[in-house]
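Sequence lines, in order, name chains A and B.
Sequential numbering from 1 applies to the first sequence in our numbering.
Sequential numbering from 1 applies to the second sequence in our numbering.
Just so you know, these hints were derived from the structure itself, not from any lab.
Glycine included, C-beta positions come from ideal geometry on N, C-alpha and C.
Each hint should be verified, as a subset may be incorrect.
[Said to hold, decoys possible] Listed below are the simulated DSS-like cross-link pairs for lysine-lysine, each with C-alpha atoms no more than 27 Å apart in a straight line:
1. B/K273 with A/K284
2. B/K51 with A/K298
3. A/K118 with B/K284
4. B/K40 with B/K52
5. B/K234 with B/K284
6. A/K284 with A/K341
7. A/K186 with B/K273
8. A/K341 with A/K234
9. A/K298 with B/K273
10. B/K186 with B/K170
11. B/K51 with A/K119
12. A/K284 with B/K186
13. B/K295 with A/K284
14. B/K295 with A/K186
15. B/K298 with A/K295
[To be verified] Which stretches of chain B does chain A cover? Using the computed rule of at least three CB atoms under 8 Å from a CB of chain A, they are:
16. 24 to 31
17. 263 to 277
Number of protein chains: 2
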Amino acid sequence: MKKNVLIIGAGGVAQVVAHKCAQNCDVLGDIHIASRTVEKCRAIVDSVREKKSLKTEVTLEAHALDAMDVEATKALIEKTRAGIVINVGSAFVNMSVLRACMDTGAAYMDTAIHEDPKKICETPPWYGNYEWKRAQECKERGVTAILGVGFDPGVVNAYARLAKDEYFDKVTAVDIVDINAGSHGKYFATNFDPEINFREFTGVVYSWQNGQWQTNSMFEVGKEYDLPVVGKCKAYMTGHDEVHSLAKHMDGADVRFWMGFGDHYINVFTVLKNLGLLSEQPVKTAEGLEVVPLKVVKAVLPDPSSLAPNYQGKTCIGDFVKGLKDGQEREVFIYNVADHKDAFEEVGSQGISYTAGVPPVAAAMLIASGEWDVKQMVNVEELPPRPFLDILNRIGLPTRIKDADGDRALTFS
Amino acid sequence: MKKNVLIIGAGGVAQVVAHKCAQNCDVLGDIHIASRTVEKCRAIVDSVREKKSLKTEVTLEAHALDAMDVEATKALIEKTRAGIVINVGSAFVNMSVLRACMDTGAAYMDTAIHEDPKKICETPPWYGNYEWKRAQECKERGVTAILGVGFDPGVVNAYARLAKDEYFDKVTAVDIVDINAGSHGKYFATNFDPEINFREFTGVVYSWQNGQWQTNSMFEVGKEYDLPVVGKCKAYMTGHDEVHSLAKHMDGADVRFWMGFGDHYINVFTVLKNLGLLSEQPVKTAEGLEVVPLKVVKAVLPDPSSLAPNYQGKTCIGDFVKGLKDGQEREVFIYNVADHKDAFEEVGSQGISYTAGVPPVAAAMLIASGEWDVKQMVNVEELPPRPFLDILNRIGLPTRIKDADGDRALTFS
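This is chain A alone, in the form it adopts within the complex (with noise of 0.2 Å):
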């Protein structure tokens, strides 16, 4: 049984992270933050506390850590004897953070993929460039290693797996749709790190159709999905993580990923990328400054976490999965939907980050109990889905499926 989890990032999503844990800490034990910096980790463990969210007495600290460091990290776990490292900081310090767990046999996950910040990384499967290379050497430790634990990557991974499991013999297409139909009242925003953001949709978009990967360019093919509570959204097929561990565990079907967008962002977004203003390569200004002018881009924008006391409306995201089952066709949709409102009075978060922060918890709730402490490295699919969108419908992330026979709650018996 781990217990004690430390958590990496002091963002938005590790706010929720860090609330989701001290609500179910009789479970999971002490909990430590850890970020450049420190101040971010105290803010989170004071609203930790003025919301009361600790069930039971445990401790709750915040610490300055750089987690390109391996060493330092590995000394934070060891002296926060921390079983479990939930790390949602920037995704450019996964390999670093895996090493350290790696190193110290705690259990480790995350919520997007690793990057180096000099590359849009291009190759698919992209968790073949870096995670799975550990894959190995997990497997010989007995480390545990969930890759992709948030919403999407994560729930969405553990729909797909139970529309496998339950709703056909043999599943062709899993369309996963992630709509925001949220208004956040500024000009613009991006609902997380606009550096990660903006990173997702400047490279080729991957998708995995008739046994092979397609390449096309973002907002190339565009869709409108009339979906539960937000209704009629447009939706442009993306790069995006879960597409890459999907094709190869879903034995062949065709995988899509398709993300909402309105006019509006593409317009901004175009423009920032046609003008060069979303490029990773440095620039050297006129006086010989050289500057990353994504991260210029990301200064100027408003602070992610900044958006969410305002933030009204619902998000929605889950897979549309085809495929036969008893010789018929059909479809389902399994999904969820969440409010940014509720979201913040709760955790003092928006929806966005609600989403992503909540399934990591359920995940590590699953590791202290045992039902998920695999000792290896794997994508949520490859793990029962029952136990954790259990924990999640208890939590705050009702699954709710949508088929032929209606419009209803998931049970679990």
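Mind docking chain B on chain A? Use the hints.
Chain B alone, transformed into the frame defined by chain A:
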């Protein structure tokens, strides 16, 4: 009789100035080009030699100079025995270069108002914030300083004066219209230094109407003009240097400036401005680097001088002047049409640089001849316009008149 010209700056306008000085070096004497980056000056020298622009054999030299350094500028003026300084460097160096001219007795010229890099100059009349504070001292020292003698400001000021002298008993309104109907074939680019270009449009739009300053915001007031050669164009009321001097010198007439903008330019500008990327105030990146967003935008945009080889189409810039003549209301449009391709073939720069760079050379010729060597600080509308327009007519920027009597060339006896 002043002689020998020192050109400060090495951009597209400096290139035009150098070529035109060379074509008239029998009147102007030696030509020196100075800028921070001596290589850029050398490239201009090479271009002048390649195109065999030198009318007679004179000294033609490149120099490295930080024009913010008054003592270094004075030393260069003395070393080169320059009687005339044409400042077409950054608008941030005007006051330093003017100081060097006042101390050495050289005649001073520029083509744009002085700017403090840290602020968007807000209080009208703009010349009153810097240049005009030196007017008394120029007079006492007998130093000739001609402010804003490019096309606009510059030639359009002479057009206003010509209208006042020859076409009206009383001028009631001057509407200056600047349309670039050319195309550079890039996604987006500015025609001169992006930093200066954008700074023109991020502040308050000042116009002089009904005997007082009126304020509007950029793109608030638009108007469709139907102009000779370039046809129908949408123009917007814009803040511009010459409004600030003409408001003082046109006996209370309304003075407005209108610049043509396509929808695409406006969209890109609006996105950049609303995001804060056109700000001249530094921001700090997540890594702690202090950087001025506008300087990064400048760094990613095409170098304006790189546009020249593929620039197609024409510019039309002129003054719609309204007023009374013999008790009757009348309107005159005094204008010039320039061609981007012709400009490139003649001097290796596009049309916008051409229209800005030819006029200061005409003014230099009038200082050399004594006609404009007025031994005080003036704006162009304070000088007799005909000698200036006569030279421009001969060296590449002919003036045309359109009114109830038709569309014709301005004639000189």
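Going down the list of hints, with the structure as the test:
1. Simply put, B/K273 and A/K284 have alpha-carbon atoms about 21 Å apart, close enough for the 27 Å limit, and the pair holds.
2. Using a Cα cut-off of 27 Å, the hinted pair B/K51 and A/K298 is violated, with the two alpha carbons roughly 46 Å apart.
3. Annotation: proposed proximity of A/K118 to B/K284 holds, straight-line Cα distance about 20 Å (limit 27 Å).
4. With a C-alpha separation of about 18 Å, the suggested pair B/K40 and B/K52 falls inside the 27 Å cut-off, and the hint holds.
5. With a CA separation close to 38 Å, the supplied pair B/K234 and B/K284 exceeds the 27 Å bound.
6. Among the hinted pairs, A/K284 with A/K341 is inconsistent with the structure: their alpha-carbon atoms are about 42 Å apart, more than 27 Å.
7. In summary, the hint linking A/K186 to B/K273 is supported, as the alpha carbons are separated by about 14 Å, within the 27 Å threshold.
8. The straight-line distance between the Cα atoms of A/K341 and A/K234 is roughly 23 Å, inside the 27 Å bound, and the hint therefore holds.
9. At roughly 15 Å between alpha-carbon atoms, A/K298 and B/K273 fall within 27 Å of each other, so this suggested pair holds.
10. Distance restraint check for B/K186 and B/K170: the Cα-Cα separation of roughly 45 Å exceeds the 27 Å cut-off, and the hinted pair is therefore not satisfied.
11. Of the supplied pair hints, the one linking B/K51 and A/K119 is violated, its CA atoms being roughly 44 Å apart against a limit of 27 Å.
12. Proposed proximity of A/K284 and B/K186 is supported: the alpha carbons are some 21 Å apart, at most 27 Å.
13. Our distance criterion of 27 Å between C-alpha atoms is met by B/K295 and A/K284, whose separation comes to about 9 Å.
14. In summary, the hint linking B/K295 to A/K186 is supported, as the alpha carbons are separated by about 24 Å, within the 27 Å threshold.
15. For the proposed pair B/K298 and A/K295, the alpha carbon gap of about 15 Å is at most 27 Å, so the pair holds.
16. Given a C-beta distance limit of less than 8 Å, the hint that chain A covers the region 24 to 31 of chain B is violated, as 0 residues qualify and 3 are needed.
17. Here the region 263 to 277 of chain B counts 8 residues with a CB under 8 Å from a CB of chain A, which clears the bar of 3, and the coverage holds.
Hint compliance for this structure: hints 2, 5, 6, 10, 11 and 16 are not met, and every other hint is.
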